[in-house]
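There are 2 protein chains.
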Amino acid sequence: MSEGAVSEDRYFEDFVVGDIHRYGRFEVERGEVLDFARRYDAQPFHLDDAAAAKTHFGRLAASGWHTAAMSMAMIVDAGNLAGGGGSLGALGVDNLRWLKPVYPGDVLHATSEILEANPSRSTPGRGTVKLRTTVLNQDDEPVMRYEAITLWRTRPAG
Amino acid sequence: MSEGAVSEDRYFEDFVVGDIHRYGRFEVERGEVLDFARRYDAQPFHLDDAAAAKTHFGRLAASGWHTAAMSMAMIVDAGNLAGGGGSLGALGVDNLRWLKPVYPGDVLHATSEILEANPSRSTPGRGTVKLRTTVLNQDDEPVMRYEAITLWRTRPAG
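Sequence order for the protein chains is F and H.
For the first sequence, the UniProt record's numbering assigns the number 1 to the initial residue and increments by one for each residue that follows.
For the second sequence, the UniProt record's numbering assigns the number 1 to the initial residue and increments by one for each residue that follows.
Take every hint as true, because none was put in to throw you off.
Here are the computed lysine to any residue pairs in the SDA-like style, where the Cα-Cα straight-line distance is at most 25 Å:
no. : chain 1 : residue 1 : chain 2 : residue 2
1   : F       : K54       : H       : R153
2   : H       : K100      : F       : D94
3   : H       : K130      : F       : R97
4   : F       : K54       : H       : R121
5   : F       : K100      : F       : P142
6   : H       : K130      : F       : E147
7   : F       : K54       : H       : G79
8   : H       : K130      : F       : H56
9   : F       : K54       : H       : G84
10  : H       : K100      : F       : S122
11  : F       : K130      : H       : K100
12  : F       : K54       : H       : T128
Pulled a few chain F residues facing chain H out of the computed Cβ check, cut under 7 Å:
no. : residue
13  : Y40
14  : T55
15  : A68
16  : M72
17  : V76
18  : G92
19  : V93
Keep in mind the hints are simulated off the structure, nothing from the lab.
Since we're looking at a predicted model, the values are computed, not measured.
All C-beta atoms, glycine included, are put in the ideal place defined by N, C-alpha and C.
Take these sequences, add in the hints, and give me the full structure.
Shown next as structure tokens:
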């Protein structure tokens, strides 16, 4: 598990298109992989090494939704990509791809590139920021990639 | 939590484009919303009613990734959309949108429409199935939608 979230007050204006943020470290624990799979994704290759060995996973692999959740934990921990006073969550995600299996014992990190930053046309005081997030393992192999459309407050006056 | 997964052996050939599957029931529990948020998405509006009241969520709302995980739990429970002997996981997700907040006390259900079914050109014995999954609350309001590209074995000979 990832710990020690630092929350800064970031606002829409703080995002610069082209900036790349590097962050994270999340240790993938076997017990947590199994716990997530039992609750939310009880497919054999997420629960059992022998069953996984019969598939392209090769051995017990984390649920893809678990990897997404772990990426979010790293994002919140990074402190400047979500979770501060200006953060209003996300509208959605495009082009999510699970590129390689994530295994217990892996240590993940991540990068996020700011792709777009657009003030809201309909709601003054808000804007959307599109980020391409890549999750990598300890061998710097990309394991997951997605583009998130996040919603932010603009910086308060004064 | 959702329980009682039934696993049937479904294969690539069993998916018919245009078919719509209706399934689920997942009760969103406050403790589980908080537990997920503490581990993976520790933003104030996922942890605290007062903080959420200052945002468009209005009150404590589930992490969007938690809603995705709950959708997966319903899919696995449905027994014919993942998890059987022919299921090989998913390659990715397109056009994921969180349409409305999901609150503790909500009772979710889901539909999945088969959009495409394509035999693999590179790997004999496999195919991809694209499904549009919509998660709805107890008032039949869509709360989340996404298109998943899932990977399947073809039916074994004999």
